[in-house]
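Taken in sequence, the protein lines are chains U and X.
Counting from 7, one number per residue, gives the positions in the first sequence under my numbering.
Counting from 7, one number per residue, gives the positions in the second sequence under my numbering.
Some hints could be false.
Where chains are identical, the list cannot tell them apart; a pair therefore holds if satisfied intra-copy or between any two copies.
As the list claims (entries may be wrong) - Straight line, CA to CA, 20 Å or less: simulated SDA-like cross-link-like pairs of lysine to any residue: (1) Lys116 to Glu43; (2) Lys116 to Gln126; (3) Lys30 to Leu90; (4) Lys59 to Phe122; (5) Lys30 to Asp97; (6) Lys24 to Arg48.
Rather than coming from a laboratory, the hints here were simulated on the basis of the structure.
2 protein chains.
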Amino acid sequence: MTTQEVANRLVALCREGKYEQAVKELYSPEIVSVEAEGTPNRTVKGLDAITEKGIRFASKLEKVNSSFVSDPIVADNFFSCTMLMNVNMKDIPVAIDMNEVCVYTVNNGKIVREEFFYAQEPEA
Amino acid sequence: MTTQEVANRLVALCREGKYEQAVKELYSPEIVSVEAEGTPNRTVKGLDAITEKGIRFASKLEKVNSSFVSDPIVADNFFSCTMLMNVNMKDIPVAIDMNEVCVYTVNNGKIVREEFFYAQEPEA
């Protein structure tokens, strides 16, 4: 798959909320996942760590009120998209926006690195 | 200016090749500029350092054969765009592609951080 094809597929799966399938289909075993600057345990490596991060997030999530994933923009083996969600989390009494710019690196048709850019304190 | 307005203005100026004007108009004095992982002197800070980096690049540039800047995608105070250029550099005998994903952070209507994602070895 080209980077454009990987990007299109990731965006399509995320729009359907199929995050686990996206990881299984598109991620390299060597995946490196980087959260925003200042996040504790900012960088994790490997499919198990990514999957665990997803499960931890899902366990805290009460309800997704709305979500939007932009079309991807591609430059060589890098691509970027935005993900905008409004959610209710179990431990927060009000709905919050979780908006981020996501940057992905692709090698040999697999995502080998992802990095997320977002403000540290989501607005209530 | 909102992040969307800063993003639109940066893209408009870059499409016209007005990089110096973009820095003057849109960049914070506290700007942090981050090149790709593995680049020597990867991170520089301040308007003087950014301007000097631009001058150094311009001094090596022979000719821009084509350039494309994508529309920006925005999430809160972050935005991303791609910049694709085909150029001739003075010290390289063939035209090269310089393609990158660019991620910007905006605070109080000014760009305070930029980071570029590209492959270390441009293809000849």
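Point to revise | Homo-oligomer pair classification [Asp97, Lys30; C-alpha up to 20 Å] | key: neither (29 Å within a copy, 44 Å between copies)
Exercise for review: Can you give me the call for Lys116 and Glu43, within, between, both or neither, at a CA distance of at most 20 Å?
Suggested key: Classified as between: cross-chain Cα gap 19 Å, same-chain 24 Å, threshold 20 Å.
Review point. Within a copy, between copies, both or neither: where do Lys59 and Phe122 come within 20 Å Cα-Cα?
Key: Intra 14 Å, inter 26 Å, cutoff 20 Å: intra-copy only.
Practice item. Since the copies are identical, ignore which copy is meant and state whether Lys30 and Leu90 lie within 20 Å (CA to CA) inside a copy, between copies, both or neither. Key: The answer is neither: 23 Å in one copy and 31 Å across copies each exceed 20 Å.
Point to revise | Lys116 and Gln126: within-copy, between-copy, both or neither at 20 Å Cα | key: between (28 Å within a copy, 18 Å between copies)
Practice item. Indicate which option fits the pair Lys24, Arg48 if close means a Cα-Cα distance not exceeding 20 Å: within, between, both or neither. Key: Neither, since 23 Å and 36 Å both go past 20 Å.
Violation of the numbered hints given earlier is confined to hints 3, 5 and 6; the remaining hints are satisfied by the structure.
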